[in-house]
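Colleague: So the protein lines, in turn, are chains A, B and C.
Here our numbering is used: the first residue of the first sequence is 1083, the next is one more, and so on.
Here our numbering is used: the first residue of the second sequence is 1083, the next is one more, and so on.
Here our numbering is used: the first residue of the third sequence is 1083, the next is one more, and so on.
Hints are supplied without guarantee of correctness; some may be wrong.
Heads up, the list lumps identical chains together, so a pair's fine if it works in one copy or across two of them.
Simulated pairs of lysine-lysine, DSS-like, Cα-Cα distance not exceeding 25 Å [stated by the list, open to error]:
#: 1; residue 1: Lys1279; residue 2: Lys1093
#: 2; residue 1: Lys1405; residue 2: Lys1419
#: 3; residue 1: Lys1378; residue 2: Lys1127
#: 4; residue 1: Lys1279; residue 2: Lys1231
#: 5; residue 1: Lys1181; residue 2: Lys1234
#: 6; residue 1: Lys1181; residue 2: Lys1279
#: 7; residue 1: Lys1231; residue 2: Lys1127
#: 8; residue 1: Lys1399; residue 2: Lys1103
#: 9; residue 1: Lys1378; residue 2: Lys1160
#: 10; residue 1: Lys1093; residue 2: Lys1345
#: 11; residue 1: Lys1419; residue 2: Lys1231
#: 12; residue 1: Lys1180; residue 2: Lys1378
#: 13; residue 1: Lys1231; residue 2: Lys1180
#: 14; residue 1: Lys1399; residue 2: Lys1419
#: 15; residue 1: Lys1289; residue 2: Lys1147
#: 16; residue 1: Lys1399; residue 2: Lys1093
#: 17; residue 1: Lys1399; residue 2: Lys1186
#: 18; residue 1: Lys1136; residue 2: Lys1419
#: 19; residue 1: Lys1279; residue 2: Lys1405
#: 20; residue 1: Lys1136; residue 2: Lys1231
These aren't lab readings, by the way, just hints derived from the structure by calculation.
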Amino acid sequence: MNLTAFEITEKLDGTVEGDAKVSIQSLSRIEDAEAGSISFLAHNKYLPYLSKTKASAVLISNDLKVEEAVSTTLIRVKDAYAAFTQLLIGWSEDNNNKKQGVHKSAIVESSAQIAADVFLGPYVCIGSNCVVESGVQIHAHCVIGDNVKIEKGTLLYPRVSIMDDTEIGSNCILHSGVVVGSDGFGFAPQDQQAYLKIPQLGKVIIKNNVEIGANTTIDRATLGATLVGEGVKLDNLVQIAHNVEIGEHTVIAAQTGVAGSSKVGSRCIIGGQVGIIGHLTLGDGVQIQGQTGVIKNIPDGHAVQGTPAIDYKSFYKSYAIFKRLPTIESRLSRLEKNK
Amino acid sequence: MNLTAFEITEKLDGTVEGDAKVSIQSLSRIEDAEAGSISFLAHNKYLPYLSKTKASAVLISNDLKVEEAVSTTLIRVKDAYAAFTQLLIGWSEDNNNKKQGVHKSAIVESSAQIAADVFLGPYVCIGSNCVVESGVQIHAHCVIGDNVKIEKGTLLYPRVSIMDDTEIGSNCILHSGVVVGSDGFGFAPQDQQAYLKIPQLGKVIIKNNVEIGANTTIDRATLGATLVGEGVKLDNLVQIAHNVEIGEHTVIAAQTGVAGSSKVGSRCIIGGQVGIIGHLTLGDGVQIQGQTGVIKNIPDGHAVQGTPAIDYKSFYKSYAIFKRLPTIESRLSRLEKNK
Amino acid sequence: MNLTAFEITEKLDGTVEGDAKVSIQSLSRIEDAEAGSISFLAHNKYLPYLSKTKASAVLISNDLKVEEAVSTTLIRVKDAYAAFTQLLIGWSEDNNNKKQGVHKSAIVESSAQIAADVFLGPYVCIGSNCVVESGVQIHAHCVIGDNVKIEKGTLLYPRVSIMDDTEIGSNCILHSGVVVGSDGFGFAPQDQQAYLKIPQLGKVIIKNNVEIGANTTIDRATLGATLVGEGVKLDNLVQIAHNVEIGEHTVIAAQTGVAGSSKVGSRCIIGGQVGIIGHLTLGDGVQIQGQTGVIKNIPDGHAVQGTPAIDYKSFYKSYAIFKRLPTIESRLSRLEKNK
């Protein structure tokens, strides 16, 4: 990367204020930027950094008012965050050294169909009847079971386990330590109060453009398939149980768990450490605050919080009073004395 | 699998209604069954699917009333879920291709005693003085430390770590990513407010018929042993700290954590994302709702919920009022005005 | 280990009561000690074990009063727990068989600089331009990316992933299954309500004397660095998001998550299953109870509990009333009837 502020402004369809000729070699955060870098400012909260930053240029949203004198070059754009993302993507593509070739220590069963241009890192194992399509990258120490399909351009970081029969779409990213296709947690109680394992004969289907965070686990279905929809983003240490279905473009933050057979709608936003019990149906566009415990179905577009989950605003109204319950009780006692 | 409905009925000691000659090749869920498959119906909630299902036969519990006309063959049994589980187990056993042999890339220390019929997958490492008994299967990329014992018929899926001195009973299943025997979390505060590591010299003992979910972690004891009792079932991403003891046939759902030295009784049912602090004693048959935080001992047979945990029913009574605290306060204000 | 009670007493600067010549070969817990072992008693709660223990000697804090007759040798010290820790450390150092050498199956890129006395276990992979300093131990199946620096004496247990550009200080311990440097969870919403991945171009810096528990995940920064300070101790299954900073000597229990860009102070004590949302600043010496959900900044030295977190004592006062909300409502109803 070596561009002038003017060139970046042209690229992002913005307007420049200040020195348009300053040259930019790197990207930075406004609070710890170095000279020669470009940063961004998308929120009022970061305005105080603007007069102090060493960044040579700052992308700034059109609607932000700057009231102090600023020595850095400003590039005004509609949405500074989006524009900066565009720069990050460009930088990332310029610097992407996509690995190629099959390491000699990779063990591939002879029945597997592996496209010519895949990367298979050291000690990768690939089972029988797998299909690994063009552009797939499977990094060191991944273990792929039998009958697994991995479509075009998908990236597996080191030490991912894909168990038998899994189907993974194109352009997915699975981070290190992910386990897909482990047995669902299904047991039938026996008379002696021991448990009998219910065989888990289903599979996992992951659609295109899914990202799965480090050490996240997705269990295979008892029968049928556990389904992760197109564009779903799962953070680290998430648990998806057997026969769960996650609708497209739903985002789930770290350490959340969805129990067996629950269906989560599309375009939901689910916070971290949320628990969703089994056999529920959550609508589209549902929002769930962090640490919420969901034990009932949720209609489209509702926002919830609390354990058990209730309407988000109702939760906050009740919690505001919870915080001063001692005064509530004092008031009650006073009335009792005076009656 | 290729049986008639009649043959299945005989096997399960049931009674058939409808075409007893229809032939069955597979198992399915009632909501997405295909012709040629057998499904089951154990709960009222799924009754609406019965008239629409394409399943050629449906196992149905004797106590369920069917009021609509049904074209599929019904097989009446005492407990449809249990009967279907029996079919799943049969199918699973028929289709089990137990792997055999020691892969040439497995590294086994010469002092280890390995039974003749074990499976050791690619890149498996086994340390000094280990004992691996008959029928054990250790899949690709598992790492077994020194002085580990693994008894008959136990199955380790790919990428499991068993640290030094661990003892694992017979017929256990450890899913991918499990770590057994990592150091307990023990530190002594020093004067400068730094921490001194307390060496963790104990071990982990896992009894027979235990199942451990993907990416679950079990720490070794400081001294003595962390103990997972016979028949215990741990779901994914569970944390068992040092010197914990889990009683036999206790079931723990995903993302729950048990802190150091706590003793959990037998035949408990513990929900997901539960936290149990250290040095507690929980009785037998205890039930803990999801996301509960346990900070006190629990007597045998008690059910609890909430953080901190209280009696299950009391929690629900209080929570019912929590939800309408704003009206409680309004009522109080009204009284104050009128007094 | 083979010392008399007298020799141990000298070493720990204590005073002996009873048979000073008894010989000690091992360390034990007071509740399951065998003859020939030494145990400790630092808390009243364990006093009942003292008359029954088979331990040949027991370290006991000066301030504990023993009222029953005791047959074992007592070694009186200022702090029995600290003294026992000292014995554990001594025993651990005597028995530490530090592994040496580079296993022939380890794959090390030629540009990596590896000190002469490191241990690289079977199937370890080390990328380009790495620096691995003296005394570092990297156990079987660890995968180290490119441009990684690991300083003196650091220990990686089996199956750890260190992604590109990570810096790890000296004398750290990373347990099995840890992932450091996975992508942060950053996505920009697009018009079609799909998400665009924001490239994560930063890194992770881990300072000296850090311990990281099994299957814990630490994401790389978007830009800049995710920072884990000197002496920090992270338990198992913890999630540290992108651009988080953890101050020195802070301790975080299992299954806690810290969301993006939050700064946690020094010498904090954070319980298990805590959630901390993004972009917060937590002061030094903060204490957070287990399962708390933090959504606001916390000043130095404050203790909090609840979701959302409030002052620890206030939470308990409110929760005490929450538990008897049904009686609060009854009292209110009675007043309403009588008014």
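Colleague: Hint by hint, work out which the structure violates, then give me just those numbers in ascending order.
Modeller: As far as the earlier hints go, 7, 8, 9, 10, 11, 12, 15, 16, 17, 18, 19, 20 are violated by this structure, in ascending order.
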